[in-house]
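**Student:** Given next are the chains, with one letter for each unit.
Number of protein chains: 2
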Amino acid sequence: MAGPQGELVFAPLGGVGEIGMNLSIYGLGDARKRTWLIVDVGVSFAQEENLPGVDLVLPDIRYLIEERKNIAGIVLTHAHEDHFGALMDLWPKLKVPIYATPFTASLFEAKLAGETMAPEIPVKEIALGSRFNIGPFDIELCSVAHSIPESNALIIRTPFGNVLHTGDWKIDPTPVVGPPTDEAKLRALGDEGCLVLIGDSTNAVRDGRSPSETAVAAELAKLIESSRQRVAVTTFASNVGRIRAVADAARRAEREVVVVGRAMDRVIGVARETGYLEGVQPFRGMDVYGHLPPDKVVALCTGSQGESRAALARIAADEHPEVALSRGDRVIFSSRPIPGNEKAIGRVINGLIDQGVEVITDRTHLVHVSGHPRRAELEEMIGWVKPQTVIPVHGESLHLAEHEGLARKLGANTLQCRNGDLVRLAPGRPEIIDEVPAGRFYKDGALVIPAETRTVAERKRMAFSGMVMVSLAIDDKGQLVADPELELLGVPETTADGSQMFQVAADAVLETFDSLPRPRRRDPDSVAEAIRRSVRAAISSHWRKKPNVTVHVLTV
Amino acid sequence: MAGPQGELVFAPLGGVGEIGMNLSIYGLGDARKRTWLIVDVGVSFAQEENLPGVDLVLPDIRYLIEERKNIAGIVLTHAHEDHFGALMDLWPKLKVPIYATPFTASLFEAKLAGETMAPEIPVKEIALGSRFNIGPFDIELCSVAHSIPESNALIIRTPFGNVLHTGDWKIDPTPVVGPPTDEAKLRALGDEGCLVLIGDSTNAVRDGRSPSETAVAAELAKLIESSRQRVAVTTFASNVGRIRAVADAARRAEREVVVVGRAMDRVIGVARETGYLEGVQPFRGMDVYGHLPPDKVVALCTGSQGESRAALARIAADEHPEVALSRGDRVIFSSRPIPGNEKAIGRVINGLIDQGVEVITDRTHLVHVSGHPRRAELEEMIGWVKPQTVIPVHGESLHLAEHEGLARKLGANTLQCRNGDLVRLAPGRPEIIDEVPAGRFYKDGALVIPAETRTVAERKRMAFSGMVMVSLAIDDKGQLVADPELELLGVPETTADGSQMFQVAADAVLETFDSLPRPRRRDPDSVAEAIRRSVRAAISSHWRKKPNVTVHVLTV
Numbered sequence: 051m052a053g054p055q056g057e058l059v060f061a062p063l064g065g066v067g068e069i070g071m072n073l074s075i076y077g078l079g080d081a082r083k084r085t086w087l088i089v090d091v092g093v094s095f096a097q098e099e100n101l102p103g104v105d106l107v108l109p110d111i112r113y114l115i116e117e118r119k120n121i122a123g124i125v126l127t128h129a130h131e132d133h134f135g136a137l138m139d140l141w142p143k144l145k146v147p148i149y150a151t152p153f154t155a156s157l158f159e160a161k162l163a164g165e166t167m168a169p170e171i172p173v174k175e176i177a178l179g180s181r182f183n184i185g186p187f188d189i190e191l192c193s194v195a196h197s198i199p200e201s202n203a204l205i206i207r208t209p210f211g212n213v214l215h216t217g218d219w220k221i222d223p224t225p226v227v228g229p230p231t232d233e234a235k236l237r238a239l240g241d242e243g244c245l246v247l248i249g250d251s252t253n254a255v256r257d258g259r260s261p262s263e264t265a266v267a268a269e270l271a272k273l274i275e276s277s278r279q280r281v282a283v284t285t286f287a288s289n290v291g292r293i294r295a296v297a298d299a300a301r302r303a304e305r306e307v308v309v310v311g312r313a314m315d316r317v318i319g320v321a322r323e324t325g326y327l328e329g330v331q332p333f334r335g336m337d338v339y340g341h342l343p344p345d346k347v348v349a350l351c352t353g354s355q356g357e358s359r360a361a362l363a364r365i366a367a368d369e370h371p372e373v374a375l376s377r378g379d380r381v382i383f384s385s386r387p388i389p390g391n392e393k394a395i396g397r398v399i400n401g402l403i404d405q406g407v408e409v410i411t412d413r414t415h416l417v418h419v420s421g422h423p424r425r426a427e428l429e430e431m432i433g434w435v436k437p438q439t440v441i442p443v444h445g446e447s448l449h450l451a452e453h454e455g456l457a458r459k460l461g462a463n464t465l466q467c468r469n470g471d472l473v474r475l476a477p478g479r480p481e482i483i484d485e486v487p488a489g490r491f492y493k494d495g496a497l498v499i500p501a502e503t504r505t506v507a508e509r510k511r512m513a514f515s516g517m518v519m520v521s522l523a524i525d526d527k528g529q530l531v532a533d534p535e536l537e538l539l540g541v542p543e544t545t546a547d548g549s550q551m552f553q554v555a556a557d558a559v560l561e562t563f564d565s566l567p568r569p570r571r572r573d574p575d576s577v578a579e580a581i582r583r584s585v586r587a588a589i590s591s592h593w594r595k596k597p598n599v600t601v602h603v604l605t606v
Numbered sequence: 051m052a053g054p055q056g057e058l059v060f061a062p063l064g065g066v067g068e069i070g071m072n073l074s075i076y077g078l079g080d081a082r083k084r085t086w087l088i089v090d091v092g093v094s095f096a097q098e099e100n101l102p103g104v105d106l107v108l109p110d111i112r113y114l115i116e117e118r119k120n121i122a123g124i125v126l127t128h129a130h131e132d133h134f135g136a137l138m139d140l141w142p143k144l145k146v147p148i149y150a151t152p153f154t155a156s157l158f159e160a161k162l163a164g165e166t167m168a169p170e171i172p173v174k175e176i177a178l179g180s181r182f183n184i185g186p187f188d189i190e191l192c193s194v195a196h197s198i199p200e201s202n203a204l205i206i207r208t209p210f211g212n213v214l215h216t217g218d219w220k221i222d223p224t225p226v227v228g229p230p231t232d233e234a235k236l237r238a239l240g241d242e243g244c245l246v247l248i249g250d251s252t253n254a255v256r257d258g259r260s261p262s263e264t265a266v267a268a269e270l271a272k273l274i275e276s277s278r279q280r281v282a283v284t285t286f287a288s289n290v291g292r293i294r295a296v297a298d299a300a301r302r303a304e305r306e307v308v309v310v311g312r313a314m315d316r317v318i319g320v321a322r323e324t325g326y327l328e329g330v331q332p333f334r335g336m337d338v339y340g341h342l343p344p345d346k347v348v349a350l351c352t353g354s355q356g357e358s359r360a361a362l363a364r365i366a367a368d369e370h371p372e373v374a375l376s377r378g379d380r381v382i383f384s385s386r387p388i389p390g391n392e393k394a395i396g397r398v399i400n401g402l403i404d405q406g407v408e409v410i411t412d413r414t415h416l417v418h419v420s421g422h423p424r425r426a427e428l429e430e431m432i433g434w435v436k437p438q439t440v441i442p443v444h445g446e447s448l449h450l451a452e453h454e455g456l457a458r459k460l461g462a463n464t465l466q467c468r469n470g471d472l473v474r475l476a477p478g479r480p481e482i483i484d485e486v487p488a489g490r491f492y493k494d495g496a497l498v499i500p501a502e503t504r505t506v507a508e509r510k511r512m513a514f515s516g517m518v519m520v521s522l523a524i525d526d527k528g529q530l531v532a533d534p535e536l537e538l539l540g541v542p543e544t545t546a547d548g549s550q551m552f553q554v555a556a557d558a559v560l561e562t563f564d565s566l567p568r569p570r571r572r573d574p575d576s577v578a579e580a581i582r583r584s585v586r587a588a589i590s591s592h593w594r595k596k597p598n599v600t601v602h603v604l605t606v
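Respectively, the protein sequence lines represent chains A and B. Residues in the first sequence are numbered from 51 upward in steps of one, following my numbering. Residues in the second sequence are numbered from 51 upward in steps of one, following my numbering.
By construction, these hints were calculated from the structure, which means they are not laboratory data.
Pairs count within a copy or across copies, as identical chains cannot be separated in the list.
In silico DMTMM-like links for lysine to aspartate or glutamate, alpha-carbon gap of 20 Å or less: (1) Lys595 <-> Glu537; (2) Lys595 <-> Asp105; (3) Lys393 <-> Glu357; (4) Lys493 <-> Asp547; (5) Lys596 <-> Glu508; (6) Lys119 <-> Asp80.
These numbers were taken from a predicted model, which means no experiment stands behind them.
Assemble the whole structure, with the sequences as input and the hints as a guide.
**Tutor:** This is the structure:
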């Protein structure tokens with residue numbers, strides 16, 4: 051009996067070996083022609099990498115642009131930025147159908163509505179738990195608990211067998227919003243047979259299980275209840291369960307909830323629309339904050355990562371136009387520092403402490419839990435689904451290696467791949483068979499630029515050693531016909547002996563010009579090059595750094 | 051009976067409300083004339099602070115330069131960079147006597163010897179535990195345990211009473227090198243009477259006591275003993291106790307110690323010279339590394355903070371010329387991430403994991419302890435010394451506030467001050483009476499520049515939005531007499547519609563020039579300004595970022 055024709059392939063274009071930027075593709079067909087399914091189109095945040103002026107890091111989708119005609123669609127597992135944050139910028143280059151559940155679709159729509167000049171991007175809504183086709187891919191959603199409503203694992207059924215793409219998940223028997231992880235469906239998949247599990251490795255270094263969101267809710271309630279003055283809570287804006295927990299605690303403590311920060315407003319609007327805040331009291335606007343007695347208010351703030359323009363950083367700097375805290379108030383960080391943000395968060399905490407505000411974090415109180423599976427949860431998932439092969443994704447090398455080791459210990463075959471590896475999942479034992487182009491794009495202002503262009507490298511060079519600009523006009527005899535112009539930017543103004551760096555550069559320009567043989571050797575290019583070198587050398591002799599020097603020689 | 055004339059004052063010029071850059075001054079006299087003692091002259095590291103091109107952050111000592119004639123001397127508590135790292139750059143501006151114990155003095159000398167063009171800086175050696183005078187200040191050293199040999203608290207005796215300046219310390223009854231904290235001397239000070247304790251707050255948020263260096267040594271020994279292949283250990287180069295622990299463990303496991311990294315070499319040289327590695331076997335150079343069997347070597351590496359040019363980062367990137375690791379080898383981070391370095395350390399760990407190397411950190415094993423006192427230790431110190439007043443220093447706001455709260459709970463008077471506050475310690479209850487100029491200098495290449503100069507701000511602006519340079523030559527009739535020159539740096543090359551950004555800028559230059567009324571309005575300044583604006587606007591219409599634009603108009 052002949053098996054199905056062709057093969058089933060998988061390639062991560064982001065998210066493997068790094069945090070964020072999740073984008074995976076599945077393909078059916080053969081090397082001549084494959085039909086593709088895209089799962090998630092996420093971003094990374096650039097602030098903590100040394101990428102000056104870059105807002106976001108996006109997956110390089112030049113391969114997908116080439117293959118555009120063969121893409122059946124994009125399915126989003128959930129609405130976290132590292133899974134859907136690049137869609138707005140990249141979709142116009144693809145224009146293929148997008149599938150998402152109602153909360154994800156609504157949050158995406160709200161995000162577009164909040165952007166100036168955002169393109170119109172249609173999204174097809176799919177029901178939670180539903181089964182549907184995208185081209186040749188038969189996809190079933192499986193609800194999983196996470197830190198945002200409507201996180202979905204995907205069961206992808208193909209003629210070669212079934213794949214489980216876990217997306218982001220944890221096992222939480224008592225989430226605050228939404229259903230728990232659908233154990234029955236996952237067990238059923240295990241019985242039906244699962245070729246490959248492609249899964250979240252974020253917390254694979256952590257033993258045991260994550261506590262439940264309900265335990266966090268109880269701790270928040272205790273902390274709000276026991277406060278004598280104002281309480282502010284900051285959390286990831288998209289964590290609707292956490293928002294609901296704060297709201298419930300505030301109601302029981304007879305406090306009003308005041309929402310501070312646009313991202314929080316947006317998510318709350320979407321959560322109300324999609325039913326995830328049903329029965330929750332109305333929240334108040336910032337305008338009433340100043341009028342409420344200190345023991346009657348809970349401020350729900352953006353800025354848990356220390357973002358300098360978010361609500362909490364402005365409050366900590368005492369620069370928020372409407373919301374202020376004072377001695378004896380309490381701020382709860384219901385969050386965890388994303389690596390790279392520690393310094394910025396520290397600055398916010400110190401600002402609050404300087405105001406006499408009490409700061410509570412997850413170091414001492416159960417005010418946050420992760421939305422990703424720890425080792426016991428990973429083991430349980432593998433036990434339910436019994437995949438033949440486990441491919442760890444979504445994590446740095448350390449997490450992937452730990453996830454792989456755990457899966458192997460449980461008897462599964464494993465495969466480690468990296469962004470751009472093309473893996474044949476079936477037929478046969480999974481193996482890497484090819485590479486597809488993968489890399490990074492940068493969002494720079496309104497433009498998306500390939501990471502390898504010189505733009506950011508040039509900016510880094512100027513950031514390190516400044517810029518000197520020289521202009522000269524010479525006539526056809528090689529004589530100067532105007533006073534040279536000179537400007538120094540980002541170069542120290544004075545040398546160690548107190549002389550002006552401007553003068554150092556100006557002297558180098560004139561001395562070099564005068565020393566050039568005339569007139570033949572005074573073609574503009576060699577004049578420019580000689581002056582460039584001498585200005586660099588002159589400044590470097592004082593600074594021990596070589597500035598970038600641009601010389602324009604105009605021939606009159 | 052009249053008390054002593056004048057007053058005793060104290061001011062921190064760094065280290066309070068921030069990590070690093072410790073510099074304190076004590077003054078005797080009155081507002082017309084004080085004689086100063088400087089304690090420590092430390093740096094902060096700039097890499098994590100968004101200060102492009104800045105190597106080090108130094109305390110602004112313009113006030114001390116003014117007061118230079120009244121400075122009796124500088125005393126160093128110990129040889130950590132955050133306590134003595136600014137001396138090399140700042141001492142030439144002060145040229146006052148420096149006092150330090152032998153290890154500190156030798157390490158400083160070794161540091162100078164390793165720098166090209168370092169000034170000659172004399173240091174007066176003082177014996178451990180000794181009592182000596184610096185001008186009117188009667189100073190006694192009190193040995194304290196810390197993470198470097200020869201950390202000293204200072205007992206400063208004055209006509210107004212005694213001050214304890216703790217420096218960095220912990221209580222470790224079994225340090226690996228050097229004596230434990232001198233409890234007897236501190237108790238005696240308590241009996242004699244202590245006006246003010248000015249003390250280390252770094253770990254004031256942590257309950258209990260730090261484990262001993264001996265416990266870390268035992269854990270390292272176990273981990274080295276149980277390795278089947280190569281072991282590499284990275285730690286702070288100055289932690290001689292840790293180096294000794296690794297050496298002892300290696301000897302017992304019949305392994306050679308190979309030293310990898312210049313900073314480590316330097317400290318080992320000084321530690322051998324000053325007796326802190328007495329009886330320790332000779333270490334080997336990197337040249338033998340490749341010839342030793344994997345189970346016969348321990349590599350002692352610099353780079354525990356993920357520094358990109360240090361040994362471990364180069365090994366992790368498989369770019370070290372002499373030292374490589376392979377699958378199954380073990381790397382021990384006998385260190386802790388300094389806030390801000392998490393990302394860089396993560397990159398190193400991931401590089402090692404990608405090579406199949408096992409990575410062990412203090413998250414799972416007792417391979418590091420802090421050198422600073424936790425709360426039980428702080429309580430014990432206050433119990434010994436019984437200071438009337440505690441002034442918390444050395445820490446961010448959170449640490450200072452916790453230290454203050456703890457001291458108050460123990461019945462001490464407390465005072466919170468910030469960098470630049472001038473505190474009258476006596477007579478009377480301590481209070482802030484004035485301000486002295488305090489701030490930051492940056493080490494930028496070979497130069498030291500005040501933080502408020504525009505240099506770094508200009509570099510940041512160019513890092514964010516690039517640079518455009520335009521040059522034109524016009525005659526006295528306002529006519530162009532040469533083709534304009536134009537250069538774009540750090541600006542995206544193409545727009546969203548695929549046109550060249552260079553062309554966008556070039557069109558803006560010519561169109562603007564042609565649109566100017568001629569010739570009267572064509573004075574060089576208004577031409578330059580009109581073109582600057584139009585180029586910014588033209589690029590910004592595509593990029594939504596406004597580049598920095600410099601226009602030179604040469605009048606021929």
